[in-house]
Amino acid sequence: MILTRTIALRLVLGVVTLFVVSVLIFVATQALPGNAARAILGNTATPQKVAELESQLGLNRPVESQYLAWISHVLSGNLGHSFVGMNQPVTQVIGQPLFNSFVLVLLTALVSVPISIGVGVYAAVKRDSLADRVITGGTVALAALPEFVIGILLIVLLATQVFHLLPPVARPQAGVPFYRQLRELVLPVLTLTLAVFPYISRMMRASTIEILESDYVAMARLKGLREQVVIWRHAVPNAIAPAVQGTAMQLAWLAGGIVAVEYLFAYPGIGSQLLGAITERDIPQIQAITLILAAVYVLLNLTADVITILVNPLLRTGLR
Amino acid sequence: MSTTHDDGSGESFMREALNRGITRRDLLKGAAVLGSGVALAPLLSACGTSGGTGASSSPSTAASPTKGGNLRIGVIGGSTNDVVDFQVAMTQPDNLRGRQIFEGLMKYDHNYQLAPALAEEVTPDATGTVWTVKLRPDVTFHNGKPLTAEDVVWTFQEIFNPKFVNNAKGLFPTVDPKRIKALDKLTVQFTMTKPNGDFKNELAMENSTIKPVGYDKKHPVGTGPFKYGKFLPGNYSLFPANENYWGTGPYVDSVQTVDFADSTAMVNALLGGSIDAASDVPAALVAQIKQAGLKSVVSETGLFNYIFWNTAVKPLDDVRVRQALRLIMDRQQMVEEALSGYGRVGNDMWAFYDPAYPHNTPQRTQDIEQAKSLLKQAGHADLSLKLYTSPVSASAVPACTVFAQQAKQAGVTITTQQVDVSVYWGNKYLTWPNGPGWYSAKMYLVQSLLCEVWNEPHWHDKNWFSLISDAMATADDAKRTQIIQEAYAIDYGIGAWDIWSYANEVDACSQKVQGLVPTRSGIPYNNGYVNELWLA
Numbered sequence: 016m017i018l019t020r021t022i023a024l025r026l027v028l029g030v031v032t033l034f035v036v037s038v039l040i041f042v043a044t045q046a047l048p049g050n051a052a053r054a055i056l057g058n059t060a061t062p063q064k065v066a067e068l069e070s071q072l073g074l075n076r077p078v079e080s081q082y083l084a085w086i087s088h089v090l091s092g093n094l095g096h097s098f099v100g101m102n103q104p105v106t107q108v109i110g111q112p113l114f115n116s117f118v119l120v121l122l123t124a125l126v127s128v129p130i131s132i133g134v135g136v137y138a139a140v141k142r143d144s145l146a147d148r149v150i151t152g153g154t155v156a157l158a159a160l161p162e163f164v165i166g167i168l169l170i171v172l173l174a175t176q177v178f179h180l181l182p183p184v185a186r187p188q189a190g191v192p193f194y195r196q197l198r199e200l201v202l203p204v205l206t207l208t209l210a211v212f213p214y215i216s217r218m219m220r221a222s223t224i225e226i227l228e229s230d231y232v233a234m235a236r237l238k239g240l241r242e243q244v245v246i247w248r249h250a251v252p253n254a255i256a257p258a259v260q261g262t263a264m265q266l267a268w269l270a271g272g273i274v275a276v277e278y279l280f281a282y283p284g285i286g287s288q289l290l291g292a293i294t295e296r297d298i299p300q301i302q303a304i305t306l307i308l309a310a311v312y313v314l315l316n317l318t319a320d321v322i323t324i325l326v327n328p329l330l331r332t333g334l335r
Numbered sequence: 006m007s008t009t010h011d012d013g014s015g016e017s018f019m020r021e022a023l024n025r026g027i028t029r030r031d032l033l034k035g036a037a038v039l040g041s042g043v044a045l046a047p048l049l050s051a052c053g054t055s056g057g058t059g060a061s062s063s064p065s066t067a068a069s070p071t072k073g074g075n076l077r078i079g080v081i082g083g084s085t086n087d088v089v090d091f092q093v094a095m096t097q098p099d100n101l102r103g104r105q106i107f108e109g110l111m112k113y114d115h116n117y118q119l120a121p122a123l124a125e126e127v128t129p130d131a132t133g134t135v136w137t138v139k140l141r142p143d144v145t146f147h148n149g150k151p152l153t154a155e156d157v158v159w160t161f162q163e164i165f166n167p168k169f170v171n172n173a174k175g176l177f178p179t180v181d182p183k184r185i186k187a188l189d190k191l192t193v194q195f196t197m198t199k200p201n202g203d204f205k206n207e208l209a210m211e212n213s214t215i216k217p218v219g220y221d222k223k224h225p226v227g228t229g230p231f232k233y234g235k236f237l238p239g240n241y242s243l244f245p246a247n248e249n250y251w252g253t254g255p256y257v258d259s260v261q262t263v264d265f266a267d268s269t270a271m272v273n274a275l276l277g278g279s280i281d282a283a284s285d286v287p288a289a290l291v292a293q294i295k296q297a298g299l300k301s302v303v304s305e306t307g308l309f310n311y312i313f314w315n316t317a318v319k320p321l322d323d324v325r326v327r328q329a330l331r332l333i334m335d336r337q338q339m340v341e342e343a344l345s346g347y348g349r350v351g352n353d354m355w356a357f358y359d360p361a362y363p364h365n366t367p368q369r370t371q372d373i374e375q376a377k378s379l380l381k382q383a384g385h386a387d388l389s390l391k392l393y394t395s396p397v398s399a400s401a402v403p404a405c406t407v408f409a410q411q412a413k414q415a416g417v418t419i420t421t422q423q424v425d426v427s428v429y430w431g432n433k434y435l436t437w438p439n440g441p442g443w444y445s446a447k448m449y450l451v452q453s454l455l456c457e458v459w460n461e462p463h464w465h466d467k468n469w470f471s472l473i474s475d476a477m478a479t480a481d482d483a484k485r486t487q488i489i490q491e492a493y494a495i496d497y498g499i500g501a502w503d504i505w506s507y508a509n510e511v512d513a514c515s516q517k518v519q520g521l522v523p524t525r526s527g528i529p530y531n532n533g534y535v536n537e538l539w540l541a
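So the protein sequences, as listed, match chains A and B.
Each residue of the first sequence is one higher than the last, beginning at 16 in my numbering.
Each residue of the second sequence is one higher than the last, beginning at 6 in my numbering.
No lab work stands behind these hints: they were computed from the structure.
Take every hint as true, because none was put in to throw you off.
Only pairs whose alpha carbons sit at most 27 Å apart, straight line, appear in this in silico DSS-like list of lysine-lysine:
| no. | chain 1 | residue 1 | chain 2 | residue 2 |
| --- | --- | --- | --- | --- |
| 1 | B | Lys235 | B | Lys517 |
| 2 | B | Lys150 | B | Lys190 |
| 3 | B | Lys199 | B | Lys168 |
| 4 | A | Lys64 | B | Lys205 |
| 5 | B | Lys222 | A | Lys64 |
| 6 | B | Lys190 | B | Lys222 |
| 7 | A | Lys64 | B | Lys223 |
| 8 | B | Lys205 | B | Lys484 |
| 9 | B | Lys433 | A | Lys64 |
| 10 | B | Lys391 | B | Lys433 |
| 11 | B | Lys467 | B | Lys205 |
| 12 | B | Lys199 | B | Lys484 |
| 13 | B | Lys186 | B | Lys222 |
| 14 | B | Lys150 | B | Lys174 |
| 15 | A | Lys64 | B | Lys174 |
| 16 | A | Lys64 | B | Lys168 |
| 17 | A | Lys64 | B | Lys183 |
| 18 | A | Lys238 | A | Lys141 |
| 19 | B | Lys168 | B | Lys223 |
| 20 | A | Lys64 | B | Lys199 |
| 21 | B | Lys235 | B | Lys72 |
| 22 | B | Lys222 | B | Lys150 |
| 23 | B | Lys150 | B | Lys186 |
| 24 | B | Lys205 | B | Lys139 |
With the Cβ distance kept under 10 Å, some of the chain B side facing chain A (calculated, not the full set):
| no. | residue |
| --- | --- |
| 25 | Ser84 |
| 26 | Asp90 |
| 27 | Met95 |
| 28 | Lys223 |
| 29 | Pro225 |
| 30 | Ile280 |
| 31 | Trp430 |
| 32 | Lys433 |
| 33 | Leu435 |
| 34 | Trp459 |
Note that the Cβ used here is the ideal one computed from N, Cα and C, for glycine as well.
Chain A extracted, bound-state conformation (with noise of 0.2 Å):
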């Protein structure tokens, strides 16, 4: 069947294109000046002491005798201890920040996924209106602003100095259940979703906008069919593709790239981690977290395509 046929040859070039991002970020980390050893002493460093470490992590060893030796573990699926610190289990040191990233995705897409598509489908509706030109220039206004800056006003207007609403902090606290601590996440969250939502709402406007002036929703109309009934079961599938497309990538972007909110609200999350493994040089972490994260934004393109394909009959049968 031509969807489990697309599916499997995507899944294949992802597991390609993995291998590829895992040479590229290995031979741009050898790039940076320092190495792991170097990190670990920091300002205590002797020649002497980083000869003897170096020896000890593997770091003497050519490098790509360093990157095969890497991946013939990965295959076998250990991912390797992390060169500083306590040398624990990469699998233990970046298990916490990737569920923390992962509850934070998630939240924010669940929030910010039907919020932006109904907006973007109501501004495109009441196409030229005075609520569509507030809508339009509310989310221009957004998509102008950094996120952290974003997340600033809010932490200025919910948390510290106007109201004091809600935590300005969030460091999920051990020992404490996670389902306890919601409302920490309530302003990372709301700092996310306005950061994501110009970009899935505009694409849902002009896609909408375009496939209301085709002619099956013209005749649909004409049929006397109720406007609910043509916008929401005829126009919108047809309309969703590129702002599905625009989901996956803008997702794609929260697993890893949020740095700046993390940093604000001390979140830890992956992207801090990663920032903090590329600093001390640690390579098998790096490796690890950038392996996953490629894999999050190949399965998230995937998840895209398949949903884009099902929705659009043409596609889903193959004519096209």
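With chain A fixed as given, assemble chain B onto it according to the hints.
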């Protein structure tokens, strides 16, 4: 009297609700605000008691420690490179965690004076070549094993093991790992390679914290007040109390040490109640702490900030140029600008709390005329320099910037060049022509030892080095002090480290936290001895 955040919003909300007529939703909301107001009443009533000068907290109250609770402390810095082992410790989070788990043979008290720790007595023979350490009899490791002389021998031999890359080795220049003997279960004998009068200070440095024989770094075991537990480097650690601890406390059931990259986030966390105490609070945020009715403790510490001049690089090899640069510095202004007033001016000499520190030496102040004349003599009347700087501490870059400005008054052009910390301490470390730095409190000879190993200014003054080794070899305290003071005179006159300040350190905590006192080491929370703290 200042109000807490919740109280403020409750008031305005009430006014607004009354204006438009109260609805059911308002009633429910009002109940919530009222409820939280009642819960916060104890906090409100306690506020204002320790605002004031902030120079002390309330530990001298007769309240006796209450047991229980999880103490959550915040610390700036940290990364995935966090460790607990003091022998490889690098950052403030490492210092705190190390203190929770490990202990050394000697320590420094809150006045930065020597005090016994795991050792009851440390005595030299007449020449200072053979030192005898008598251990406390009542100490057990976290795994139940009693502390014996064998563990001390093992710890020191490990320090000298070339496979174990650590920072402790450099602190024991006279220890011979092959001549450390366990005389009996509680007595260790060190036979030094040369006479050493300063061994007690070396032992008081955290780096010789004692580990049990066969220590496994994956399951750290020490003698300290807390045991190794959950640890996510760069994130937080949660260590439970050691019920069999021989010393003070611990009073709390566990201590959670949380890393923060940013002071503002840490203070926000304290204000929001997700941590109980914050450390290294920047001056700008202290007002916010006081306004919220929280406690703050200011410690005058021995942590010093410096700028070094590499004597191997022209024209810094000329002592007159270095002296001129020292005279250009307006140290008071640098303390105001870079430390926001939270510090005292330095006098180009380290180890402020060493018994030998010459407090009578006149405080160096800015003298532009003398500086200009010195530069003219040296033939560098219109000196132009590049000053490298890096955010190795919060004050490093601002201090260099201020100094560069001050230099203009003497006709000296200083352009600052900022580099990233990882570059600063990267492979060009120890080759920079100049740069900022800091050390936490130390005694004179230990500090000199460290500066010998990490000799940023390539300082090779023969007189100074011979004085240092004479002092080290002198077992008699009074004589040693005299020799050290001669070395101090050289530092003050022609040295290459410009020590422009000693820092103050501010800890802040909620009203629940008791026992916090000022200390002089520069390590927060009672020099890291959080076993002295309790939750009321």
